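A.B. asks: Okay, here's what each chain looks like letter by letter:
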Amino acid sequence: MYLYFMASVIDQRQEHIEDEFAKMGDWMEKYEYIISLGKELDALDPADKVDDNLIKGCQSRVWLNAKQGINGEVIFTADSDAIITKGLAALMIRVLSNAPASDIASAKLFFLDRIGLNTHLSPTRSNGLQSMVKQMKLYGLVFMAKG
Amino acid sequence: MTSSLFDVQAIRAQFPILSREVNGKPLAYFDSAASAHKPQSVIDTQSRYLAETHSNIHRGVHALAQEATEAYEASREKVRAHIGAESTREILFVGGTTDGINLVAQTWGRTNLGSGDCIVLTRMEHHSNIVPWQMLALEMGFDIHVVELNEDGTLDAEMFDAHLARKPKLVAFTHVSNALGTVNDAKYWTERSHAAGATVLVDGAQSVPHLQVDVKDLDVDFYMFSGHKTYGPTGIGVLYGKEALLDAMPPYRGGGEMIGSVSFENGTTYNELPYKFEAGTPHISGGITLGSAIDWMNAVGVAAITAHEHELTQHAHAQLGDIEGLRFYGTAPCKAGVVSFLVDGIHPYDLGTLLDQLGIAVRTGHHCTEPLMDKLGIPGTVRASFGAYNTLDEIDRLAEGVARASSMLR
Numbered sequence: 105m106y107l108y109f110m111a112s113v114i115d116q117r118q119e120h121i122e123d124e125f126a127k128m129g130d131w132m133e134k135y136e137y138i139i140s141l142g143k144e145l146d147a148l149d150p151a152d153k154v155d156d157n158l159i160k161g162c163q164s165r166v167w168l169n170a171k172q173g174i175n176g177e178v179i180f181t182a183d184s185d186a187i188i189t190k191g192l193a194a195l196m197i198r199v200l201s202n203a204p205a206s207d208i209a210s211a212k213l214f215f216l217d218r219i220g221l222n223t224h225l226s227p228t229r230s231n232g233l234q235s236m237v238k239q240m241k242l243y244g245l246v247f248m249a250k251g
Numbered sequence: 043m044t045s046s047l048f049d050v051q052a053i054r055a056q057f058p059i060l061s062r063e064v065n066g067k068p069l070a071y072f073d074s075a076a077s078a079h080k081p082q083s084v085i086d087t088q089s090r091y092l093a094e095t096h097s098n099i100h101r102g103v104h105a106l107a108q109e110a111t112e113a114y115e116a117s118r119e120k121v122r123a124h125i126g127a128e129s130t131r132e133i134l135f136v137g138g139t140t141d142g143i144n145l146v147a148q149t150w151g152r153t154n155l156g157s158g159d160c161i162v163l164t165r166m167e168h169h170s171n172i173v174p175w176q177m178l179a180l181e182m183g184f185d186i187h188v189v190e191l192n193e194d195g196t197l198d199a200e201m202f203d204a205h206l207a208r209k210p211k212l213v214a215f216t217h218v219s220n221a222l223g224t225v226n227d228a229k230y231w232t233e234r235s236h237a238a239g240a241t242v243l244v245d246g247a248q249s250v251p252h253l254q255v256d257v258k259d260l261d262v263d264f265y266m267f268s269g270h271k272t273y274g275p276t277g278i279g280v281l282y283g284k285e286a287l288l289d290a291m292p293p294y295r296g297g298g299e300m301i302g303s304v305s306f307e308n309g310t311t312y313n314e315l316p317y318k319f320e321a322g323t324p325h326i327s328g329g330i331t332l333g334s335a336i337d338w339m340n341a342v343g344v345a346a347i348t349a350h351e352h353e354l355t356q357h358a359h360a361q362l363g364d365i366e367g368l369r370f371y372g373t374a375p376c377k378a379g380v381v382s383f384l385v386d387g388i389h390p391y392d393l394g395t396l397l398d399q400l401g402i403a404v405r406t407g408h409h410c411t412e413p414l415m416d417k418l419g420i421p422g423t424v425r426a427s428f429g430a431y432n433t434l435d436e437i438d439r440l441a442e443g444v445a446r447a448s449s450m451l452r
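One line per chain: the protein sequences are A and B, in this order.
Residues in the first sequence are numbered consecutively from 105, following this note's numbering.
Residues in the second sequence are numbered consecutively from 43, following this note's numbering.
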């Protein structure tokens, strides 16, 4: 009998993003893609774009909303006043949204590092993204507790 | 053109960091208002001090203590001469501009400001010239009145005078705005503030790197600047204060060099100026190296630096001004070293991020002037700030970069 290690859906999504970026040429192509993701990200419901959902970075602001789907999965929506931050938030959503709460809470995010954009997650950037990731994982824990 | 008198390539050659690459491109550094780079002579002074001279200063009988003390005190004299103070008793080494303002707030402020009093600040102040006063106002109960700005980023003179009519105890304003580049007429406002009976504090963090400052001519009561913005090290700065004021002020921190004698039985007495305010082992290497940075500025010539940076600022306004949708913040007739702007519909963080990819270092955000940005109704600006080592070509690169990044972001 073989024991298979099943990569979580979150890890699979990260690897997929990594493959996408590996095909890109220079930094411009990467940023153009991130910018397009930012532009395409569904607008946050105005009712959710409130101070309670605001993560205030020094450089840019991020709004993050979370709710639970019918099967218990966590659904994230987000917005930012800066388009690159918003594009990176879109990537975070692609990785973490629509996943089981426990997977979100224990997720290890490696894709930004591997696609060479980890500096955006550094606290010195102060763009709200690092706090956004913390907040997403916290939501994972909260929804886990709720069951 | 200043280029015939001012050999910017020869200046650049003295700054090792300027030859490095960032993101595969030659570095174009436009963040000197946050911190300036160091010429080789300054770097050498610091390493030579640590390698050959280091010892704790004052009171030592051995040779190294003597040499280190002499070098440290020689540096104090260089600072005195550089800003035109009467005596080295008026030159206190502090951690930086912020530290200097806090010292004045906690000593002069604590003894001179109370309930029913008011002070005057301006809309363009750096947080460092706001928060120490707010903290003290909470405790002591005085009011803070704020001078607002005109459209071009100059002080609203009428409002300034109206606030002076309230007979403030203190008027504290920046000489040069770090966010807008506005050069305030420090001499004029000092004179008017004195006439209204106020003590005057001027924040020189953004002026000493760019302009020849003469504290006696300005007649300011307190003036401070930071070493690291004047081509020197971090962690060291200068607080100038008129001797009579400093003499009357209580000490700030206790211990070390600030004591006269210490006794459990007979009470403790304090050292004379400037040591009364220099508790603990000071930043010896910083103080000595700051002297070397001042030597460097004087060797180049402060007037030549001012003229060169004026040309850079003019050129930046001309080149960036052609970019569609670009709006400048701070268009005062007299500016120093800073060009602040936004491009319509584009967040400063996005612009700064893409410029960084092009090897161009700018600062984005509120520049520690949140009250100013809130009043302007913007999240921040993109700020290009200049030093003696920037070139017209680099500014062309900046303008091309802003145009390219803007088209990507639109």
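For the record, the hints were derived by calculation from the structure and aren't laboratory data.
Check the hints yourself; a few may be wrong.
Said to hold, decoys possible - Non-contacting residues of chain B with respect to chain A, defined by C-beta distances greater than 12 Å in every case (computed):
#, residue
1, E193
2, Y230
3, G302
4, T395
5, T406
Unchecked claim - Using 25 Å as the maximum straight-line C-alpha spacing, the simulated DSS-like pairs for lysine-lysine come out as follows:
#, chain 1, residue 1, chain 2, residue 2
6, B, K211, A, K153
7, A, K134, B, K229
8, A, K134, A, K250
9, B, K417, A, K160
10, B, K229, B, K209
11, B, K229, B, K211
12, A, K153, A, K171
13, A, K127, B, K67
For clarity, every value in this text was computed on a predicted model and none was experimentally measured.
In this text, a Cβ means the ideal position worked out from N, Cα and C, and glycines have one as well.
A.B. asks: Decide, hint by hint, whether the structure agrees.
C.D. replies: Going down the list of hints, with the structure as the test:
With a minimum CB-CB distance of about 25 Å to chain A, E193(B) clears the 12 Å threshold, and the non-interface call stands. No beta-carbon of chain A is positioned within 12 Å of the beta-carbon of Y230(B); the least distance is around 35 Å. The Cβ of G302(B) sits about 44 Å from the closest Cβ of chain A, beyond the 12 Å cut-off, so the non-interface label holds. Some Cβ of chain A comes within 12 Å of the Cβ of T395(B); the nearest lies about 5 Å off, and the non-interface call is violated.
A beta-carbon of chain A comes within 12 Å of the beta-carbon of T406(B); the shortest separation is about 6 Å. A C-alpha spacing of about 45 Å is found between K211(B) and K153(A), which places the hinted pair above 25 Å, so the restraint is violated. Under the criterion of a C-alpha separation no larger than 25 Å, the hint pairing K134(A) with K229(B) is inconsistent with the structure, at around 52 Å. For a cut-off of 25 Å, the pair hint linking K134(A) to K250(A) is broken: about 38 Å separates their Cα positions.
Restraint check: the Cα-Cα separation between K417(B) and K160(A) comes to about 19 Å, which is no more than 25 Å; the hinted pair holds. A threshold of 25 Å between alpha carbons decides the hint, and for K229(B) with K209(B) the separation of about 19 Å falls inside it, so the pair holds. Proximity of K229(B) to K211(B) is assessed by CA-CA distance (about 18 Å); at most 25 Å being required, the pair is judged to hold. At roughly 14 Å between alpha-carbon atoms, K153(A) and K171(A) fall within 25 Å of each other, so this suggested pair holds.
Our distance criterion of 25 Å between C-alpha atoms is met by K127(A) and K67(B), whose separation comes to about 22 Å.
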